[in-house]
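Undergrad: Heads up: the sequence lines are chains L and W, in that order. The numbering of the first sequence is my numbering, which starts it at -14 and goes up by one. The numbering of the second sequence is my numbering, which starts it at -14 and goes up by one.
None of these hints come from the bench; they were simulated from the model. Some clues are possibly wrong.
As the list claims (entries may be wrong) - With a straight-line Cα cutoff of 27 Å, these simulated DSSO-like cross-link-like pairs (lysine-lysine) come out:
no.: 1; chain 1: L; residue 1: LYS228; chain 2: L; residue 2: LYS257
no.: 2; chain 1: L; residue 1: LYS155; chain 2: W; residue 2: LYS32
no.: 3; chain 1: L; residue 1: LYS146; chain 2: W; residue 2: LYS228
no.: 4; chain 1: L; residue 1: LYS155; chain 2: W; residue 2: LYS146
no.: 5; chain 1: L; residue 1: LYS(-3); chain 2: L; residue 2: LYS257
no.: 6; chain 1: L; residue 1: LYS232; chain 2: W; residue 2: LYS155
no.: 7; chain 1: W; residue 1: LYS272; chain 2: L; residue 2: LYS130
no.: 8; chain 1: L; residue 1: LYS26; chain 2: L; residue 2: LYS65
no.: 9; chain 1: W; residue 1: LYS12; chain 2: W; residue 2: LYS257
no.: 10; chain 1: W; residue 1: LYS12; chain 2: W; residue 2: LYS65
no.: 11; chain 1: W; residue 1: LYS33; chain 2: W; residue 2: LYS(-3)
no.: 12; chain 1: L; residue 1: LYS108; chain 2: W; residue 2: LYS52
no.: 13; chain 1: L; residue 1: LYS52; chain 2: W; residue 2: LYS130
no.: 14; chain 1: W; residue 1: LYS181; chain 2: W; residue 2: LYS228
no.: 15; chain 1: W; residue 1: LYS108; chain 2: L; residue 2: LYS52
no.: 16; chain 1: L; residue 1: LYS108; chain 2: W; residue 2: LYS130
no.: 17; chain 1: W; residue 1: LYS229; chain 2: W; residue 2: LYS272
no.: 18; chain 1: W; residue 1: LYS272; chain 2: W; residue 2: LYS12
no.: 19; chain 1: L; residue 1: LYS146; chain 2: W; residue 2: LYS232
This structure is a prediction, so every number in the text was calculated from the model and none was measured.
Here's the letter readout for the chains.
Number of protein chains: 2
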Amino acid sequence: MLLGSIEAGGTKFVAAVGNEQYQVQEKIQYPTTTPRETIQKSINFFKKFSDLRGISVASFGPIEIRKNATFYGYVTDTPKPGWSHTNFLGMLRSALDVPMYWTTDVNGSAYGEYILAMRLNQKLEALTYYTIGTGVGAGTVLDGKFIGTLGHPEIGHVRLKRHPDDLSFKGICPYHGDCLEGLVAGPTFEARLGKKGQDIPLTDHVWDIMAYYVAQAALQTTLQLRPQKIVFGGGVVSEEFLKKVRKEFTVLMNNYIDVGDLEDYITMPLAKNNGSATIGNFALALKEVNRVSRLEIL
Amino acid sequence: MLLGSIEAGGTKFVAAVGNEQYQVQEKIQYPTTTPRETIQKSINFFKKFSDLRGISVASFGPIEIRKNATFYGYVTDTPKPGWSHTNFLGMLRSALDVPMYWTTDVNGSAYGEYILAMRLNQKLEALTYYTIGTGVGAGTVLDGKFIGTLGHPEIGHVRLKRHPDDLSFKGICPYHGDCLEGLVAGPTFEARLGKKGQDIPLTDHVWDIMAYYVAQAALQTTLQLRPQKIVFGGGVVSEEFLKKVRKEFTVLMNNYIDVGDLEDYITMPLAKNNGSATIGNFALALKEVNRVSRLEIL
Chain L
-14 MLLGSIEAGG TKFVAAVGNE QYQVQEKIQY PTTTPRETIQ KSINFFKKFS
36 DLRGISVASF GPIEIRKNAT FYGYVTDTPK PGWSHTNFLG MLRSALDVPM
86 YWTTDVNGSA YGEYILAMRL NQKLEALTYY TIGTGVGAGT VLDGKFIGTL
136 GHPEIGHVRL KRHPDDLSFK GICPYHGDCL EGLVAGPTFE ARLGKKGQDI
186 PLTDHVWDIM AYYVAQAALQ TTLQLRPQKI VFGGGVVSEE FLKKVRKEFT
236 VLMNNYIDVG DLEDYITMPL AKNNGSATIG NFALALKEVN RVSRLEIL
Chain W
-14 MLLGSIEAGG TKFVAAVGNE QYQVQEKIQY PTTTPRETIQ KSINFFKKFS
36 DLRGISVASF GPIEIRKNAT FYGYVTDTPK PGWSHTNFLG MLRSALDVPM
86 YWTTDVNGSA YGEYILAMRL NQKLEALTYY TIGTGVGAGT VLDGKFIGTL
136 GHPEIGHVRL KRHPDDLSFK GICPYHGDCL EGLVAGPTFE ARLGKKGQDI
186 PLTDHVWDIM AYYVAQAALQ TTLQLRPQKI VFGGGVVSEE FLKKVRKEFT
236 VLMNNYIDVG DLEDYITMPL AKNNGSATIG NFALALKEVN RVSRLEIL
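Chain L on its own, in the form it takes in the complex (with noise of 0.2 Å):
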């Protein structure tokens, strides 16, 4: 049996088929341009295989997850071009005649970390997963489901006690100015300091301003859901960032409730180079399939 994900992100879409252990078979990766062409390669690289069984996608947003909705299955208002209320799924099901997932990028990686955890032997009754890049968003797996019962969280647009040393800067967000993407989403380096994160030391102050941000968003997500684990991905995380954040997160806290071994509570993804959310995707594509084939046999 060959199990599919799609990671669909703004600016890139990649494309694997795995097998049930979720070890990678096949990959591809391919720019997000117009939702036809992009999701048609997607529909072209999975036609390869004849044994694909089940099929996950896990996509930027918004989208709309509540299965009971018109919409279910739709990338709805999103500020991507030519994306707005694109029948993502159902372009899908229309060309692949397999079991399919539909959920966000966020839930998709939260869940590939929930099960590398669980193959380390961590049982984590509750995980949040936050990715810290172009965006800023999170999805949480609790009790092996995801929360979101309106429709899927939108953590990055909570706001935040401001920095001191960063007052004057108003954010980058659209919608909101200085909620947590506004604030700390990749484009705001060059949006302060007219140059790309990626050229900035570790030792700038802006990124002790970066931490105390994102030190808040996991002080919330504590306070709020208590996890076992919170987990940074995106472009702008580091271990060496995260130091930073562990640090700002103390003295936030002042010891007011005990989270555990902090190097253990606030980390780096355990998938390399970004898999978790295709790892996620083929468990989620085969739970998928033994969901359909259960209802099959009823």
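Fit chain W to the supplied structure of chain L, relying on the hints for placement.
TA: Chain W only, in chain L's frame:
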């Protein structure tokens, strides 16, 4: 069958017994003095009812709710004098031989509101209950269970974007200064203006500042959990105040995601006279009675 409820607050206890329709049969309240005296009063009350079959306790905290923890059933490190490391549940169990459920005050209230919504044929998959009173806390029912794996939520201690007209106020939280609780708990009125909240008309600008912060709390919960309803209780809250909160929430959200009718989404409790926790306790006690009798059959 009678069901027992203890709503254990830092100021007073309310103990009640009710029937399986969650109607109160008898109720008493008494001030929170020493643990021994206050818990003994609860025991004496319940001893009167020979057909009492189960009890649920919704307690102020922090408390230990992890069933496998050494100090399960304890009030842990609390600022309430004399109550730190009180084996609350153990004291009850040594005197009363019925199944007991143990949770936080806000979880008890959240569960009561969840039950009352169901009676109105609103099957809520996710509901959050905030109290804004002497302290600030929240509980969330998700798929009939409480959120909180490493322990119960402590949402009162998140940080917020400060209101421009409130920047000089340091906040009153002894741990964090200007966290949510430090900015909006009842005693902040005296700290800001030297008089009690009940003596300050809703037209005073301080209520706009309060609403801005409480709206951020609602926003955080919305973006993290996407619940179907957020209920606000506690002494600071009134319908007139929630009107201001909804207004601030609308500005902060800026149409980013749809939560439906805001009057149904951000609401006062359905239970009258702070009765949410008592109803929640009756329902949780019944659930515990049923769980234990299932175990006994097995």
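Undergrad: All hints, please: hold or fail.
TA: Checked hints:
Note on LYS228 (chain L) and LYS257 (chain L): the hinted pairing holds, with a Cα-Cα distance of about 19 Å set against a maximum of 27 Å. A C-alpha spacing of about 62 Å is found between LYS155 (chain L) and LYS32 (chain W), which places the hinted pair above 27 Å, so the restraint is violated. Proximity of LYS146 (chain L) to LYS228 (chain W) is assessed by CA-CA distance (about 24 Å); at most 27 Å being required, the pair is judged to hold. Proximity of LYS155 (chain L) to LYS146 (chain W) is assessed by CA-CA distance (about 13 Å); at most 27 Å being required, the pair is judged to hold.
Taken as a hint, the LYS(-3) (chain L) and LYS257 (chain L) pair is honoured in the structure, with Cα atoms around 18 Å apart against an allowance of 27 Å. Between LYS232 (chain L) and LYS155 (chain W) the CA atoms are separated by roughly 22 Å; this keeps the pair inside 27 Å, and the hint holds. For the hint pairing LYS272 (chain W) with LYS130 (chain L), the CA-to-CA distance comes to about 23 Å; that is within 27 Å, so the pair holds. Between LYS26 (chain L) and LYS65 (chain L) the CA atoms are separated by roughly 18 Å; this keeps the pair inside 27 Å, and the hint holds.
For the hint linking LYS12 (chain W) to LYS257 (chain W), the alpha-carbon distance of about 15 Å falls within 27 Å, and the restraint holds. For the given pair, LYS12 (chain W) sits about 24 Å from LYS65 (chain W) by alpha-carbon distance, which is consistent with the 27 Å threshold. Between LYS33 (chain W) and LYS(-3) (chain W) the CA atoms are separated by roughly 21 Å; this keeps the pair inside 27 Å, and the hint holds. Proximity of LYS108 (chain L) to LYS52 (chain W) is assessed by CA-CA distance (about 16 Å); at most 27 Å being required, the pair is judged to hold.
Using a Cα cut-off of 27 Å, the hinted pair LYS52 (chain L) and LYS130 (chain W) holds, with the two alpha carbons roughly 22 Å apart. With a CA separation close to 21 Å, the supplied pair LYS181 (chain W) and LYS228 (chain W) stays within the 27 Å bound. The straight-line distance between the Cα atoms of LYS108 (chain W) and LYS52 (chain L) is roughly 16 Å, inside the 27 Å bound, and the hint therefore holds. Of the pairs offered as hints, the one joining LYS108 (chain L) and LYS130 (chain W) holds, with about 19 Å between alpha carbons and a cut-off of 27 Å not exceeded.
Simply put, LYS229 (chain W) and LYS272 (chain W) have alpha-carbon atoms about 37 Å apart, too far for the 27 Å limit, and the pair is violated. The straight-line distance between the Cα atoms of LYS272 (chain W) and LYS12 (chain W) is roughly 21 Å, inside the 27 Å bound, and the hint therefore holds. At most 27 Å may separate the alpha-carbon atoms for a hinted pair to count; LYS146 (chain L) and LYS232 (chain W) meet this at roughly 21 Å.
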